Amino acid sequence: MLLEDVRVKEGLKACMNCGVCTAICPAAEFYDYDPRQIITAVQSRSDVEIERLLRSETIWYCGQCMSCRPRCPRGNTPGYIIQALRTLSQRLGLFVESEKGRQQLAIKRTIGHNIWNSGYCLVPRTIDPDKHPEQGTVWRWVFDHDKDVYGRFTPSYGKEGAGALRKFDEKTMGELHRIFDISGGTALFEDIERYSDAKAREMGYNGADEEYMNDVFTKNTMEIW
Amino acid sequence: MVERAKWAEYEKAIADDHFYYARSCIRQNFFPGSEKAFLDILKNKLGKDIYDDPIHTSCTGIGYHSDIVPLETIMTVVARQFALMGEAGYENFATSCITSFGIYTEILHTWEEFPETKERTADYLMKATGRELVVPKNLAHTSDVMYHFRKDIAEKMVRPLVNVKTGEPLRVVEHIGCHYAKIFPKSGVGGSEFPYVLAGMIESWGGEVVDYPERRHCCGFGFRNYLVQANRGYSIANSQKKLESMAPYRPDFIVCNCPGCSMFLDKWQYAIAEMEGITYGQRGCGIPVLTYEEMAGLVLGYDPWELGMQMHAVDVEPLLNKMGVEYDPSAKYLGKSGKYIGKPAPTVVNRAVEASVYKLRG
Chain U
1 MLLEDVRVKE GLKACMNCGV CTAICPAAEF YDYDPRQIIT AVQSRSDVEI
51 ERLLRSETIW YCGQCMSCRP RCPRGNTPGY IIQALRTLSQ RLGLFVESEK
101 GRQQLAIKRT IGHNIWNSGY CLVPRTIDPD KHPEQGTVWR WVFDHDKDVY
151 GRFTPSYGKE GAGALRKFDE KTMGELHRIF DISGGTALFE DIERYSDAKA
201 REMGYNGADE EYMNDVFTKN TMEIW
Chain Y
1 MVERAKWAEY EKAIADDHFY YARSCIRQNF FPGSEKAFLD ILKNKLGKDI
51 YDDPIHTSCT GIGYHSDIVP LETIMTVVAR QFALMGEAGY ENFATSCITS
101 FGIYTEILHT WEEFPETKER TADYLMKATG RELVVPKNLA HTSDVMYHFR
151 KDIAEKMVRP LVNVKTGEPL RVVEHIGCHY AKIFPKSGVG GSEFPYVLAG
201 MIESWGGEVV DYPERRHCCG FGFRNYLVQA NRGYSIANSQ KKLESMAPYR
251 PDFIVCNCPG CSMFLDKWQY AIAEMEGITY GQRGCGIPVL TYEEMAGLVL
301 GYDPWELGMQ MHAVDVEPLL NKMGVEYDPS AKYLGKSGKY IGKPAPTVVN
351 RAVEASVYKL RG
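Just so you know, the sequences run in chain order U and Y.
Using the working numbering, you'd call the opening residue of the first sequence number 1 and step up by one each time.
Using the working numbering, you'd call the opening residue of the second sequence number 1 and step up by one each time.
Think of the hints as simulated: they come from the structure by calculation, not from any bench.
For clarity, every value in this text was computed on a predicted model and none was experimentally measured.
Don't take each hint at face value.
Calculated cross-link-like contacts (lysine-lysine; reagent style DSS-like; alpha-carbon spacing at most 27 Å) [claimed, not checked]:
no. : chain 1 : residue 1 : chain 2 : residue 2
1   : U       : LYS147    : U       : LYS131
2   : U       : LYS219    : Y       : LYS241
3   : Y       : LYS118    : U       : LYS9
4   : Y       : LYS165    : Y       : LYS151
Beyond 12 Å from chain U on every Cβ pair, some chain Y residues (computed) [as the list claims (entries may be wrong)]:
no. : residue
5   : HIS148
6   : VAL158
7   : ASP328
8   : PRO329
Note that beta-carbon positions come from the ideal geometry of N, C-alpha and C, so glycine has one too.
Please take these sequences and the hints and turn them into a complete structure.
Here is the structure:
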């Protein structure tokens, strides 16, 4: 399954283990993380090694900046291979076996819900200043006065018609939902919810409820350096 | 002559007119004045035709790069955007987001290299929307378009990127954004080795580009590494690395290609100041962070508050004063009806006396 993903076909030519990808990688500076080792494991084509990756923390560290792509002397793209590993990990339900993997539920319930409900990856009313203290006092000011602030720049804030942060008509949202249904987007959302719920119960939660969601969104229980 | 011949290989074709405009989730949330200014500059300053379509959605790129949107889904969403462009009678697609630009570029390449993915996408698109897949004749990031017209803008320049007190060029850090040229080097002006899209604007408008060791390092967005609160140490650490590297070169401001980078390099300065009491700009302040639309807008004489610069965490007034921009301080915090709507609480990054607003260290 992994080798059928076009991102693996495109991203894995022949790795010579030089380690340039690790040298340039922002994630490798922050985490105990070595993309070179991931590529070595995938290149081995060992099912055991690949399944170990699908259950691991390490495939969830990459920030997908793709800085590795122009630097690889052999034309590989470790970032693409990691995308394919993450997709497969979620399809097989193995993402819940790692703390970083379990965070996918939080992303599905924030960014995923935004896309499904508004047609955007983010909208101002969902960027809660209490959950985003790094956004600072200016963002709290924008959030508290959103209609006044955005109204200065767009005629269609939350309304249909051309402009920033416009509301989409029913036809547009229907098309977007059907695209997700037909192309596998909805199924992935359902997989993330289903596997998360089962894992949450195994961990002693009452399913993938608000408490579980809040914990996967906020907690680190491991040392990352 | 040899050098010029080589440089031609790093140029890209950018259309001269008739653009289909695709908005950005991050830019319209955090820099809505920039999108407004871009359209105004194109239409009213340069006399170009650009279509602002009310029914194109997000490309879903943030969801794709945080792995909750499958490749097949984003391909079909992108195919719908291209179909809308064709139905509106346009061939030149101009997107306001770097990550979208990377995705559009990647998908066009994938369709070419793996034709079965294009056939599958066309089938999904037809079934889901009844629309026909077309591909753009020309794909550009909106900064490419601004770069393309940089000399026309220079001819209309009201205020160059010059310190009015010293007469010296302003020192500008430019940040390209990883997904502009690192994924497909030939898709960006100057490629991944010599990105020139912002530097070309800065030089054309009188400024001086600052080189520094971590110039091409990521801003630190890292998708899931910012989106999930538990991971945000990654994001702030990478922004900090860049800020520490550029600070000794005393830039007057930072200009970004990508709306995400603009937001992170601005907001993380706020957070670092609150957490550590450290600022990276001159005279104890943060370094103002501009979008390229804001930079062009100031050069063309737009009002800074009409450009939306009141939405920045780092105050831009020190830069406005250097440039000799005339502005009304009392107009900064006016709502759409022109009434004062209160102002944000003071912050360390802008040298306010109150200490930490949030107890980030817990």
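Hints versus structure:
Between the alpha carbons of U:LYS147 and U:LYS131 the distance comes to roughly 21 Å, so the proposed pair stays at or under 27 Å and holds. Between the alpha carbons of U:LYS219 and Y:LYS241 the distance comes to roughly 24 Å, so the proposed pair stays at or under 27 Å and holds. Restraint check for Y:LYS118 and U:LYS9: the C-alpha separation of about 16 Å stays at or below 27 Å, so the hint holds. For the given pair, Y:LYS165 sits about 25 Å from Y:LYS151 by alpha-carbon distance, which is consistent with the 27 Å threshold.
Residue-level check passed: Y:HIS148 sits 23 Å from the nearest beta carbon of chain U, beyond 12 Å. For Y:VAL158, the shortest C-beta to C-beta distance to chain U comes to about 21 Å, beyond the 12 Å cut-off, and the non-interface label holds. With a cut of 12 Å on Cβ distances, Y:ASP328 stays outside the contact zone with chain U, its closest approach being about 14 Å. Residue placement check: Y:PRO329 keeps its beta carbon more than 12 Å from all beta carbons of chain U (closest about 16 Å).
Violated hints are absent here; each numbered hint is respected by the structure.
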